[in-house]
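There are 2 protein chains.
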Amino acid sequence: MKDLVVQKYGGTSVGTVEKIKRVARRIVAQVDAGKQVVVVVSAMGDSTDELVNLAYEINPTPPSREMDVLLATGEQVSIALLAMAIQTIGYKVISLTGAQCGIKTSDVHKRARISEIDTNRLEKELNDSKIVIVAGFQGIDENHEITTLGRGGSDTSAVALAAALRADCCEIYTDVDGVYDADPRIVPDAKKIDEISYQEVLEMASLGAGVLHPRSVELAEKYGLPLVVRSSFNNNPGTVIKNFENNNEKHVIKEDFDMEKVLVRGIALDENIAKISILEVPDKPGIAFQLFSSLASANIHVDMIVQNVNRTSVNDISFTVNLDELPEAVEVSQKFAFEVNAQKVAFDQGIAKLSVIGTGIVANTEIASKFFEALFEMGINIQTISTSEIKMSCLIDKERAKEAMVNIHKKFEL
Amino acid sequence: MKDLVVQKYGGTSVGTVEKIKRVARRIVAQVDAGKQVVVVVSAMGDSTDELVNLAYEINPTPPSREMDVLLATGEQVSIALLAMAIQTIGYKVISLTGAQCGIKTSDVHKRARISEIDTNRLEKELNDSKIVIVAGFQGIDENHEITTLGRGGSDTSAVALAAALRADCCEIYTDVDGVYDADPRIVPDAKKIDEISYQEVLEMASLGAGVLHPRSVELAEKYGLPLVVRSSFNNNPGTVIKNFENNNEKHVIKEDFDMEKVLVRGIALDENIAKISILEVPDKPGIAFQLFSSLASANIHVDMIVQNVNRTSVNDISFTVNLDELPEAVEVSQKFAFEVNAQKVAFDQGIAKLSVIGTGIVANTEIASKFFEALFEMGINIQTISTSEIKMSCLIDKERAKEAMVNIHKKFEL
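Those protein sequence lines, which keep their order, are chains A and B. So the first sequence is numbered by the numbering used here: it starts at 1 and just counts up by one. So the second sequence is numbered by the numbering used here: it starts at 415 and just counts up by one.
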């Protein structure tokens, strides 16, 4: 059996005719090296944004089902063009839409989750020695409705396909050289990480480091699938994301070495969030459950949750959501507030979440104090703090977030 | 049961956000008038051309299967946007791709023929009081491959859906007021025809009058489905195309009246053709069959065929094809010429086909002489003549074709 690799190219990698041709050459080089290749592509450059703008010009609240019908065309254009580019170099190739390559999803439009991949068609085409180009970000539900996977969709498609096909690895091609210890567009000194665990990159991703969406990393971890994040514009080796626990000695040395030198692996900034506060919620059992299950049924992803006891019988509940889910989250919250007789719902779009990530962070008070000290020195107020095994996050004023990120990167001597 | 109407809007009718909104208002007006409406739309404005150009930039001979994957996105964008526009006015609506609305086709890419329409999904949505918006021009073959119908595809989709759903009529919306007796862009005096038979409009369409593709008219005739050609930019009544034979007395009077006044119903010009000549083909039985069956297997539509006896043992065979099928037709012809040992293959892209159409034309020598006289007076050489029951066509120099059309329109006092 040949080695099977799943590659994913993002929108910037296929943004122009020239870039599509370059990606085609990169793909056939893998075939020349004796590999079977399945490629997942995103929509070209800004084409998705253009479609979204068209939709909003026509309808300020476009129905989700129709948005999916609309947006799925972006990837369909990319797969056809990339297949044409590969065919013209003289290789056997076929493009498949989400539906055609058997990506079955839930029926939640704009945020569908992959439930199953029927690999029959894919395997047939691979056995026929074809390079298979798959439309990322999309699938089909059990009623043959077109669905899209939402944020991080194409990465998730790639990882899910790699897992279903038991590929040797999944390569995520993007416009940066790999995973950095801080966003290099904000922090000029940011350094590329060679190897990192799923858990660490998961924290970085969920905290806005932006290279990979947590969904795809979670999925890769679940199947123990090595991920490689690389640039599609050069041949640098990129960042390997894998499970060190299941690995050999080499890792132990590496990990020990890393732990000794620096505890903090990276700094992440997420500016794409908003905070909702529900004030004076009567303190009754099950009331938080009621709120968060309503949000979950509306498929709203809730992040940091803080509950502050105000008085004896009422609480304030605050949580953060993705900025683009804010209107829906506010609507659900207002309904909840009305039902439970809370005082009011407030929200704040002017915040950002700044986080430090590294194994064993909570156990090390030095990290916390350095982090808070840096913010204090800059006169930046911390609105909310939350910690986990391997990260510590603060909500701060969005306007000063980038500046804070640069300073903290320096402070930790990354 | 409510009246069911199928409407088709071409690319110019949905070319911009404003136009899409206007089409949406037109559709809901029909619903307000108590009708069930199924709408077939083409891709927005020039979007198909843009996709075609992208494809050719990437691959000078893009594979047909991938072209279909690419081009089908154009209509998918239109249906989603039109559904959004209707939903925002407050009506129940759903968009369906060719695959979703059960349009099954043959497996010939870029020129598929509709084999069957599974109306289950369509009927379910109509019973749910929804306006159904269908992507024209596309379908799916039995291997779930995306196909497109080629020239006149969206009109054909609309007529096929109307026939399958037993609709009361099929309205084709375009940028002109109906079927004219000559192309109004070339002949300023051209007059709109109020009512016309399938056969007559079929001749006009196949001769390049351009409003309707013959495929859709043939299909409408087969099912006795009245077609209405109207402008999407005003409320003028348009042209009704129907079967006069099956109709009531009113028609007889109308038809008699028309026949008495003018035999010639219209002038048509097709500039989108080319002539191929295969010179010195050995005169053996079955040789023409061999050529035209090769062309048919390549799905090339052949129009006028002329075979001139040159010498005792060799013939010249000439025929016309659509300009965009010329390269493929030349390739097939060259292969044929090599196999049968013909002398050479020549082709001419500088020709146009000018035709006069009307019931009983062949029986009336006056028409032919007037037609030829007009061309003679202008010093235009006739390369080839062909006639049928209701039309007479001449191949002439493309450069002088428009001028000839204007003169002949005058000559017949249309």
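Calculated from the structure, these hints are not laboratory results. As the structure is a computational prediction, the values presented were derived from the model and not from experiment. Among these hints, one or two may not hold up.
[Said to hold, decoys possible] Covered by chain B, according to a simulated footprint, are these stretches of chain A (three or more residues, beta-carbon under 8 Å):
1. 53-59
2. 95-103
3. 227-233
We treat Cβ as the ideally placed atom computed from N, Cα and C, and that holds for glycine.
Cross-check of the supplied hints:
Residues of the segment 53-59 of chain A with a Cβ under 8 Å from some Cβ of chain B number 5, which satisfies the need for three, so the listed coverage holds. For the segment 95-103 of chain A, the assignment as covered by chain B holds, since 4 residues bring a beta-carbon within under 8 Å of that chain's beta-carbons and 3 suffice. A stretch counts as covered by a chain when three or more of its residues have a beta carbon under 8 Å from one of that chain; for the segment 227-233 of chain A and chain B the count is 0, and the coverage is violated.
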